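There are 2 protein chains.
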Amino acid sequence: MGVLDIPQNYDASRYDRPSVTVDVVVLSLVDDDLKVLLIRRKGAPYAGMWAIPGGFVQIDESLEAAAARELAEETGVTDVYIEQLYTFGDPGRDPRTRVITVAYFALVPADALQVARPGDDAAAAQWFSMFDLPPLAFDHHEILTYALTRLRYKLEYTMVGFQLLPDEFTLSELQRAYETILGEALDKRNFRRKILSAAIIEETGHKRQEGEGRPAMLYRYRENAVAEVKTRRLFP
Amino acid sequence: MGVLDIPQNYDASRYDRPSVTVDVVVLSLVDDDLKVLLIRRKGAPYAGMWAIPGGFVQIDESLEAAAARELAEETGVTDVYIEQLYTFGDPGRDPRTRVITVAYFALVPADALQVARPGDDAAAAQWFSMFDLPPLAFDHHEILTYALTRLRYKLEYTMVGFQLLPDEFTLSELQRAYETILGEALDKRNFRRKILSAAIIEETGHKRQEGEGRPAMLYRYRENAVAEVKTRRLFP
DNA sequence: TAAATAGTGTCTCTTAGACAATATTAT
DNA sequence: ATAATATTGTCTAAGAGACACTATTTA
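The listed protein sequences derive, respectively, from chains A and B. Numbering-wise (the numbering used here), the first sequence opens with residue 1 and increments by one. Numbering-wise (the numbering used here), the second sequence opens with residue 1 and increments by one.
Hints listed in this document are in silico derivations from the structure and should not be mistaken for laboratory results. Note that this is a predicted model, so its numbers are computed, not measured. In this text, a Cβ means the ideal position worked out from N, Cα and C, and glycines have one as well. Mixed in with the good hints there might be a few duds.
Claimed, not checked - Computed footprint of chain A on chain B, listed as stretches where at least three residues anywhere in the stretch have a Cβ under 8 Å from a Cβ of chain A:
| id | region |
| --- | --- |
| 1 | 61-73 |
| 2 | 80-87 |
| 3 | 98-106 |
Sequences and hints are given; from them, build the entire structure.
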């Protein structure tokens, strides 16, 4: 039974095979809101509805490479945080044929997007608030719900939140990012104490002044910090 | 580009499609050791080596159903804890053709296995200690490593450990299960305090006496407890 | 000087972790 | 009585959470 016991001269093409795609949930923080990149569908099914960008896995391409390729096609961005989310494969999730999709999520700092050239079909791509989504094609609402749950969860015990900020940021910006994603207010002093005691960021030495108010110290993410911090939850 | 923008009259068979399988990491606690069920491969590639049981996803079958089916075929067991682990899809992980596998892991109480009828190819199936594995086919060593990491991780903040015990168990048995999987000794008083304060188990009212020593109170898992406990780590 | 934002310290309560003696059974 | 296993409580240290005022800048 199973792939492991197939006679060695089997012909794989004899079997009905599902299509395999990757879908990439591209998240970014813009205007203190968590945004997701969606694509407007042109054709049936679900014509006119919005969908998570994705595409077929090429036959000689790893899943991670396929996800990175889709991300680059849609946003022009490379070298950002991307992780496998879950594989969705219910029969009937695509009315045309059996499609199994390996969902990924990517965290893209807003400043990286300004640099990025728009993808080929940029006209059809648009950012939506994760907290105010349009009707979505396929099971994509379920995928986004899953992505938000996972992001919140990871935020509690890893440093993944930094991936959504520019290289240098203030503690207030970092706190706003956490508050936006978690959907709750955090105490300023407790937040700072925890972040600083975790030793995952360091001062850059210079300050940012824009608009009114006292200038804020800029911090940067310590590259080596990730592994050290994964052991303890930041917000239990 | 991608699956979402395919013209509606496209023919899916034009595309090269990978094969999709599910592999099920079946874990059980036997003789105070964490065991995994492996299958001896008869044919090439990797003939004679051991492999995680798995098989093709049928065209009209959900991934979960495929995993449950494979589990039932190998062990005769149904209605046990099973969860999606990760999807492995590197080109070349199977030398014959492109195979993407959605890995699941299942937790089977040892007493459920006694009841279970052996699968058709039971002769080729065997339990191995997760801490003393034979050479494995494909990338299956990586999959098992991933499964152990995930199990240990889940043990820290969910009640998943109960899935490996019979319906009624003593606190000493539960502690031994945790120690076996985590690979470290736990303090008896602290363990009991934490487990009992989490209110996830309840006394059955009767005791077990086998062999020497004072009889131990039997506990059972409170069915409703899962959701309540997921919020806080048990062993930070 | 008013408005806006940044930055800082203490107290209390809960929890984690270290640690040892008594209770109940079979042999 | 002895061996084996089960059961129970306290102290200490660290961390979480609640809470309010001062500092620095621009307009």
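The hints, checked one at a time:
1. Coverage of the region 61-73 of chain B by chain A holds. Counting CB-CB distances below 8 Å, 5 residues qualify, and the rule asks for three or more.
2. Here the region 80-87 of chain B counts 3 residues with a CB under 8 Å from a CB of chain A, which clears the bar of 3, and the coverage holds.
3. Figure legend: the region 98-106 of chain B, annotated as covered by chain A; annotation consistent (5 residues with Cβ-Cβ distances under 8 Å, at least 3 required).
The earlier numbered hints are all upheld by this structure, with none contradicted.
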